[in-house]
Amino acid sequence: MDKLDSILEQWRQARPDVDCSAMAVVGRLGRLLIHLQNRLADNFTAFGLKDGEFDVLATLRRAGGADGLCPTDLYTSLMLTSGAVSKRLDRLEAAGWVTRQPNPDDRRALRILLTPAGLERVDRALEGHVAAMEDALSPLAPEQRAQLAGLLKLWLQGFPGESPG
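According to the UniProt record's numbering, the sequence shown holds residues 1 to 165 in order.
Worth double-checking, as some hints may not be accurate.
What the hints assert, rightly or not - Computed cross-link-like contacts, DSBU-like style, restricted to lysine-lysine with a CA-CA straight-line distance of at most 35 Å:
#, residue 1, residue 2
1, Lys153, Lys87
2, Lys153, Lys3
3, Lys50, Lys3
4, Lys50, Lys153
5, Lys87, Lys50
What the hints assert, rightly or not - For each label pair, taking beta carbons as the anchor points, the in silico distance ranges come out as:
#, residue 1, residue 2, range
6, Asp106, Gly158, 56 to 62 Å
7, Leu152, Gly128, 20 to 26 Å
8, Leu137, Arg91, 40 to 46 Å
9, Trp11, Trp155, 28 to 34 Å
10, Arg15, Thr76, 27 to 33 Å
11, Val26, Thr72, 34 to 40 Å
12, Ala117, Thr76, 23 to 29 Å
FYI, nobody ran anything at the bench for these hints, they're computed from the structure.
Note that the Cβ used here is the ideal one computed from N, Cα and C, for glycine as well.
Work the whole structure out from these sequences, hints included.
The following block contains the structure:
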């Protein structure tokens with residue numbers, strides 16, 4: 001029995017006419033989210049990053065390649081405003097982890113690239129990020145993880161803007 005079971009029992013007694021069983025799922029997801037965010041934030045802090053900065057570096061690492069990304073592609077991929085991305089880029093550039101370079105195909109545009117220090121930073125932070133997630137999931141067997149991932153994907157697809165593809 002965990003804290004949520006106690007809360008649900010209290011609701012059953014206080015309001016037997018209301019089915020509060022959804023709280024068992026949503027409440028636990030909320031508690032898990034808090035634990036996961038704290039664990040992942042600890043990893044980012046160890047590398048001198050905030051989670052949003054890690055997102056920028058990780059996007060450049062996985063999608064930018066040797067040519068980097070234009071700012072529009074970056075903020076579209078991150079689902080942020082251009083202003084929010086600009087602020088993150090300013091901090092990352094000041095730290096020496098990204099650089100803004102003229103786009104050779106369009107002199108009016110820029111490309112955002114990881115510096116060698118940024119590449120090393122994101123690769124090390126990614127390893128810690130994955131290790132933190134693995135540790136968080138360690139109570140689950142591989143089959144349970146796969147089942148949970150499938151159920152969460154199905155649930156997520158029921159929300160507007162979440163495509164099944």
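Consistency of the hints with the structure:
Distance hint between lysine 153 and lysine 87 is fulfilled; the C-alpha atoms sit about 32 Å from each other, no more than 35 Å. As the CA atoms of lysine 153 and lysine 3 are separated by approximately 26 Å, the hinted pair is consistent with the 35 Å bound. As the CA atoms of lysine 50 and lysine 3 are separated by approximately 31 Å, the hinted pair is consistent with the 35 Å bound. A threshold of 35 Å between alpha carbons decides the hint, and for lysine 50 with lysine 153 the separation of about 26 Å falls inside it, so the pair holds.
Of the pairs offered as hints, the one joining lysine 87 and lysine 50 holds, with about 12 Å between alpha carbons and a cut-off of 35 Å not exceeded. With their beta carbons about 40 Å apart, aspartate 106 and glycine 158 fall outside the hinted range of 56 to 62 Å. Taking 20 to 26 Å as the suggested C-beta distance range, the pair leucine 152 and glycine 128 conforms, at roughly 23 Å. Roughly 31 Å separates the CB atoms of leucine 137 and arginine 91, a value that falls outside the hinted 40 to 46 Å.
For the pair tryptophan 11 and tryptophan 155, the supplied restraint of 28 to 34 Å is violated, since their beta-carbon distance comes to about 22 Å. For arginine 15 paired with threonine 76, a C-beta distance near 45 Å fails the hint of 27 to 33 Å. Our hint of 34 to 40 Å for valine 26 and threonine 72 holds, since their Cβ atoms are close to 36 Å apart. Distance hint for alanine 117 and threonine 76: a CB-CB separation of about 26 Å, consistent with the stated range 23 to 29 Å.
Going down the numbered hints, you'll see the structure goes against 6, 8, 9 and 10, while the others check out.
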